[in-house]
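Using the hints provided, position chain B relative to the given structure of chain A.
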Amino acid sequence: MIQTAGNMKTYKKKIKAALKNRFLRKALDNFASAYKMSRAKAFEGTNLDILKDQITDGKDQALAQLLILFDQFKAGAEAAGAIVHLAATAQEANEIITKIGRDNGVKTIVKSKSMTAEETHLNDHLETEGFKVTETDLGEWIIQLRSEGPSHMVMPAIHLSRQQVGTLFSDVTKTPVDLEDIDHMVKVARKELRPVFLDADMGISGANLAIAETGTLGIISNEGNARLTTTLPRVHVALVGLEKLVPDLSAALRIIWVLPKNATGQAMTSYVTWITGAVECAASATGKKILHIVFLDNGRLELAKNPVFSEALRCIRCGACSNVCPVYGKVGGHTLGHVYIGAIGLILTYFYHGKDKARAIVRNCLNCQACKSVCPVNIDLPFLIKKVFGNILEDEGVRPAKNIILSAVMKNRRLFHAMLRMAATLQKPLVKKDAGVLRHLPFIFGKAHDFRTLPPLAEKPFRDLWPKIRPQIQTPRFRVALFGGCVVDFVSPEQAVSLVRLLAGHEVQMEYPMGQNCCGLPAMMMAEEKTATDVAVQNLEALEPWRYDYILVLCASCGSHMKEGYSRLLAKKPEQVEKLRMLHDKLMDFSSFMVNVLKVTPKDFIQNQTRVAYHSPCHLCRGLNITREPRELLKTAGLEYAPCKDEDVCCGFGGSYSLEFPEISSEILRQKLNHVEATGADVLVTDCPGCVLQLRGGMDKKNSRIKVRHIAEIVADNLKNG
Amino acid sequence: MEQNELIDLMKEKAGLVQAVVLTVTGMEEVLRYSVDITLRQNGKTIVAPDVGTKDMQKLEKLCGVSGLTILHPPLRSHLSGIHTALTSADRAIAETGTLVLDSGSEDVRIATMLSETHIAWIPAGRIVPDTASLSAFLIGKMKSLPGYLAFITGPSRTADIERVLAIGVHGPQELHILIMEGT
Chain A
1 MIQTAGNMKT YKKKIKAALK NRFLRKALDN FASAYKMSRA KAFEGTNLDI
51 LKDQITDGKD QALAQLLILF DQFKAGAEAA GAIVHLAATA QEANEIITKI
101 GRDNGVKTIV KSKSMTAEET HLNDHLETEG FKVTETDLGE WIIQLRSEGP
151 SHMVMPAIHL SRQQVGTLFS DVTKTPVDLE DIDHMVKVAR KELRPVFLDA
201 DMGISGANLA IAETGTLGII SNEGNARLTT TLPRVHVALV GLEKLVPDLS
251 AALRIIWVLP KNATGQAMTS YVTWITGAVE CAASATGKKI LHIVFLDNGR
301 LELAKNPVFS EALRCIRCGA CSNVCPVYGK VGGHTLGHVY IGAIGLILTY
351 FYHGKDKARA IVRNCLNCQA CKSVCPVNID LPFLIKKVFG NILEDEGVRP
401 AKNIILSAVM KNRRLFHAML RMAATLQKPL VKKDAGVLRH LPFIFGKAHD
451 FRTLPPLAEK PFRDLWPKIR PQIQTPRFRV ALFGGCVVDF VSPEQAVSLV
501 RLLAGHEVQM EYPMGQNCCG LPAMMMAEEK TATDVAVQNL EALEPWRYDY
551 ILVLCASCGS HMKEGYSRLL AKKPEQVEKL RMLHDKLMDF SSFMVNVLKV
601 TPKDFIQNQT RVAYHSPCHL CRGLNITREP RELLKTAGLE YAPCKDEDVC
651 CGFGGSYSLE FPEISSEILR QKLNHVEATG ADVLVTDCPG CVLQLRGGMD
701 KKNSRIKVRH IAEIVADNLK NG
Chain B
1001 MEQNELIDLM KEKAGLVQAV VLTVTGMEEV LRYSVDITLR QNGKTIVAPD
1051 VGTKDMQKLE KLCGVSGLTI LHPPLRSHLS GIHTALTSAD RAIAETGTLV
1101 LDSGSEDVRI ATMLSETHIA WIPAGRIVPD TASLSAFLIG KMKSLPGYLA
1151 FITGPSRTAD IERVLAIGVH GPQELHILIM EGT
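In the order they appear, the protein sequences are chains A and B. The first sequence begins at 1 in our numbering and counts up by one. The second sequence begins at 1001 in our numbering and counts up by one.
Note that these hints are calculated values from the structure, not bench results. Cβ coordinates follow ideal geometry from the N, Cα and C atoms, glycine included. Errors might be hidden in some of the hints.
Short derived list, chain A residues pointing at chain B, Cβ under 8 Å [stated by the list, open to error]:
| hint | residue |
| --- | --- |
| 1 | Phe31 |
| 2 | Ala32 |
| 3 | Lys36 |
| 4 | Gly139 |
| 5 | Ala157 |
| 6 | Ser161 |
| 7 | Asn222 |
| 8 | Asn225 |
| 9 | Arg227 |
| 10 | Thr231 |
| 11 | Leu249 |
| 12 | Thr269 |
| 13 | Ser270 |
| 14 | Thr273 |
| 15 | Ala283 |
The following residues of chain A were derived to be distant from chain B, with all beta-carbon distances above 12 Å [what the hints assert, rightly or not]:
| hint | residue |
| --- | --- |
| 16 | Lys14 |
| 17 | Asp380 |
| 18 | Val398 |
| 19 | Lys586 |
Under the rule of at most 30 Å between Cα atoms (straight-line distance), these lysine-lysine pairs were calculated in the DSSO-like manner [said to hold, decoys possible]:
| hint | chain 1 | residue 1 | chain 2 | residue 2 |
| --- | --- | --- | --- | --- |
| 20 | A | Lys52 | A | Lys372 |
| 21 | B | Lys1044 | A | Lys191 |
| 22 | B | Lys1011 | A | Lys288 |
| 23 | B | Lys1143 | A | Lys187 |
Bound conformation, chain B alone:
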């Protein structure tokens, strides 16, 4: 599958499970998007446990201007009150619109589980067509001990009351996937 086909399939399938999927040009746009969404949702805080130093400086600047607070690791001390979590994703599976996140770091786990909105960025080159094409990657991860690996497909959901779909029961209420093209 060509990259643009993979991106389209990823958009379609993740869209079907209520994820918001966009293509972006680079980290600048990812940071700006995260701040904008947080402001639009009246959120006050952002965590970004795996953002590099330079990008973090940029994010701090953006947040400073907008009046948002960045919560820094260890996130154990911020279990309540995380609005937006910005993380990378290691792989994506187009067939099901799934993100794969190495969540061995407790900060990544807390960010992706306890936030209201999870924004994940992924370079387009890391989208694979199906789960089978990911076997070697997964085995590698499982063999580097210990490990906590997460497949995330859309926001948290339930249909436990009268089979009616409701979004956002225990995990994030929104999932935004930002695909960085040309990478």
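In isolation and in its complexed conformation, chain A is listed as follows:
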């Protein structure tokens, strides 16, 4: 049975246990690396963005008229001899299928893989009703024999080693199995399952697509078990989620073309089966297959009308959001999902299986945006995950104390900043002089947080330094405002000071608007949307974007939240539209400004060729789509850029994530640092103060010789006239 934690305490225990599973981590890690390469290869020469948009538009149109498509499908399929049902709930679907079994004298059932059947817990139901059910997809058969749920939507048994599978098979067959020989194990399954197919009275499949135009089901599979399931038994039942309906063949072909490539980097699955109605079947008394197609609603029709969440129904179950998720890679699908796994699982669980199952898992998101960037149907997964978290808090009517405090403080900038100043004074006994770190962590942190050292708050925040260093330019080429963000302002003002040094000589009039507050992303991460909205308005007012040519950020997270998050938060505030548009157009990250606007050249810098590795912050490379400029800037600034494995994988910081899930954060960080060390670089450079905090703390903790710098700092250090 699937065991999903209902509260954080149980969930933490589960996480700890998962992190101890070395095989799991290694297996997922190997897969994640291989997946990236094969996916890239599969899509070579394709304009994926255009294709994604086409599929997304098609899906959205279909979702707006699901019942019309259903009627059309039903007419087509029934004209071809099928019987089409619509089940309102999971229970109803299971009962319909039970009745079909009873009416046709069915005793034994073979099943091919169906996430929808997992959703309704169909096997449990049928077994209770006295049917013998056998899963025939190899991975599904394995987990059925182990009484487990899938740990990945495409590769259900990815959490198991060959030895575990071999031992299981030798127990089941009462014959010794070579524990290393996977080919042999596959043949064992072939041999064991073949007679089960031949004896089965009924086959149950899912479907990847239901084409309304012709009443055709589309089913993809690699093993061929879906073909046997739909061919050999006299009865075939297909259980299909309503969202699988597409209007026509071309919509279906687009999905078929993308799905296997995005799922595993496979150009095409071995088999794609298109079934229209009841074909000939000698095993049936009538000579025709008894074909029932059961569509499942289970909340989908309601969800399709939801203005925020309907996009979750676009999902085509490719599982890619798990493949690229750094958290999934550390804890696996049994810890990051209920029935549905990974990013989409955190969302769908709430709607299909309720808040008790979603409550704990939904918090386990770094907001690194990797899932969003790989989703073939443009689902804004990290955003929806936070929305689900917010919904659950609202449903339960109890906000955690830290949410209430954070909201109260953040909304009031003066109070917030006063508290930071007070903390900077109070921390003094804790600060290790010279080292620039806290000697030990404040008492509120437990042992699990000890994987990195933390920097102290700066003695003087940037806003206090600013009046003394503010440049006065008579005839500026550009007027820019810096949005510092909390970490730059109060922890790492030297990063902003570096910017000031770099702008000197370029005739740039910089300003630091004093009314600026936290960007509000931490509030979004804790699902405090109201606070995040208030803070966004405060910042728009404070920044006065019409005064400047550019608004610069040194923090990618602030930048991406202000560019994308604000538009969504303020969508219903017409008075902010114009300011928002200006902010959106003028906001720019540090590297892009240096490379594309100031057009700095190697002549400006000492060419000392220090060997540097680069960490690409999630919110820069995916949030703001900036990848070329920082790397170019490093080279221009006289540094030797040493490419590093997984540069664009999250460092594990995720703001409050690293406080809530330090065990996972530290694992992700450990791997990142190992990759960096393997480059032989002397310095690790990145362009987000949050990442600097995490990476520097981690390097410091392991006494590494590698220094961690914000890109503005290292570039400023190489200035010829700096």
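This is chain B only, laid out in the frame that chain A set:
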């Protein structure tokens, strides 16, 4: 795309997914190839549900000499023990190395699913560059009710244990594609 380019692309892409692809001159060669492969694999039986009468006579002759048995439809009565299935393919998609088979006939389905080795022949003129160029054909098939249409890309495979590729889990363990040139 020229026909020879389509053939080359089909060979390349189907080869990438462990299919064996050859060009042949005609049905004679297809029949002989099927018998040879079956013998080489120590198989005993062949099914050929959609071979025409004349070719069937030739196949019977070849099998007779080689000691192979031809299993005749309805194949429901031969669910166990099919070694080689010889069928035609209706279309091929070069871009992915895919065969398209109208499998409305239960015999075709059983042959292509339960055999150990599937040999499919296709006239070169029926290879198309990509799925999109097949839309009209597919729609036509889907509208002739009822229907069971199969895309087959390489032999049956799985990677469900430790992501290691293993061939031949439930369907045929080998897929041979014989392209008849000049047709």
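Taking the hints in turn, this is what the structure says about them:
1. Phe31: Nearest chain B Cβ about 5 Å off; hint holds.
2. Ala32: Constraint on Ala32 of chain A not satisfied, violated at 11 Å.
3. Lys36: violated, 14 Å
4. Gly139: holds, 4 Å
5. Ala157: Holds - the Cβ of Ala157 of chain A comes within 8 Å of chain B, reaching about 6 Å at its closest.
6. Ser161: holds, 7 Å
7. Asn222: holds, 5 Å
8. Asn225: Interface hint status for Asn225 of chain A: holds (5 Å vs cutoff 8 Å).
9. Arg227: The hint holds - Arg227 of chain A has a Cβ within 8 Å of chain B, the shortest such distance being about 5 Å.
10. Thr231: holds, 5 Å
11. Leu249: holds, 6 Å
12. Thr269: Holds: closest Cβ of chain B sits about 7 Å from Thr269 of chain A, inside 8 Å.
13. Ser270: holds, 5 Å
14. Thr273: Cβ of Thr273 of chain A sits 6 Å from chain B, so the hint holds.
15. Ala283: holds, 7 Å
16. Lys14: holds, 23 Å
17. Asp380: For Asp380 of chain A, whose nearest Cβ neighbour in chain B is about 29 Å away, the distance exceeds 12 Å, so it holds.
18. Val398: holds, 42 Å
19. Lys586: The claim stands: Lys586 of chain A keeps its Cβ more than 12 Å from every Cβ of chain B (closest is about 42 Å).
20. A:Lys52 - A:Lys372: holds, 12 Å
21. B:Lys1044 - A:Lys191: holds, 19 Å
22. B:Lys1011 - A:Lys288: violated, 37 Å
23. B:Lys1143 - A:Lys187: violated, 38 Å
Hint compliance for this structure: hints 2, 3, 22, 23 are not met, and every other hint is.
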